[in-house]
Amino acid sequence: RFERWLGDDVAYGDDVAPRLDAFAWTLALVATLMTVTLSLVVYGGHPHLMDEVGYVFQARTFASGRMTLPNPPVPDAFALYLIETGTHGWYSPVPPGWGAFLVPGVWLGAPWLVNPVLTGVNVLLTYLVLQPMYGRRTARLSCLLLAVSPWHLFLGMGFMPHAVTLTCAL
9 RFERWLGDDV
19 AYGDDVAPRL
29 DAFAWTLALV
39 ATLMTVTLSL
49 VVYGGHPHLM
59 DEVGYVFQAR
69 TFASGRMTLP
79 NPPVPDAFAL
89 YLIETGTHGW
99 YSPVPPGWGA
109 FLVPGVWLGA
119 PWLVNPVLTG
129 VNVLLTYLVL
139 QPMYGRRTAR
149 LSCLLLAVSP
159 WHLFLGMGFM
169 PHAVTLTCAL
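The numbering used here numbers the first residue of the sequence shown as 9 and each following residue consecutively.
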């Protein structure tokens, strides 16, 4: 049964391009659905950490087509971690990369969906990276472990940039 699920352990080599199969797609879908469920049920689709609030604020600012927003009437009443007021307006001082990745989610009205999708993409990319080096069995086993990893799922349900960092690394 183990061999039927995970396949043979023959490495493909450099001359054969890696390809995704139903096993990898199924694991990616399972990981995505689990993180979507966790994001909605546990997090309610909202940021909970102050860092996450700063990232979503920055994404909403970018989605509006601006780099900064006008300062609030009473800036001290809106003093938040990772959200600053200055002479040019109200902004988040964090690097802009993750905020830019969140923009499509903001446009769709579902920024909570970006990390779950990236979680599934990471499973697929892991398969594509490992398959030519170690063979189908090792790639499938690695993807299975990644798809059910509690830490991977936890990071995929929130608004932190860890999932996109793994995506870019893969």
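FYI, nobody ran anything at the bench for these hints, they're computed from the structure. Every residue gets a Cβ at the ideal spot worked out from N, C-alpha and C, and that includes glycine. Check before you lean on any hint, since a few could be wrong.
Claimed, not checked - Here are the simulated distance ranges between beta carbons:
id, residue 1, residue 2, range
1, His54, Ala25, 37 to 43 angstroms
2, Val156, Pro78, 43 to 49 angstroms
3, Leu90, Leu37, 46 to 52 angstroms
4, Leu41, Leu90, 29 to 35 angstroms
5, Val102, Val137, 54 to 60 angstroms
6, Leu153, Pro101, 33 to 39 angstroms
Hints, one by one, checked against the model:
no.	hint	in the structure
1	His54 to Ala25: 37 to 43 angstroms	41 angstroms, holds
2	Val156 to Pro78: 43 to 49 angstroms	46 angstroms, holds
3	Leu90 to Leu37: 46 to 52 angstroms	33 angstroms, violated
4	Leu41 to Leu90: 29 to 35 angstroms	30 angstroms, holds
5	Val102 to Val137: 54 to 60 angstroms	28 angstroms, violated
6	Leu153 to Pro101: 33 to 39 angstroms	37 angstroms, holds
Comparing the model with each earlier hint shows violations of hints 3 and 5; every other hint is respected.
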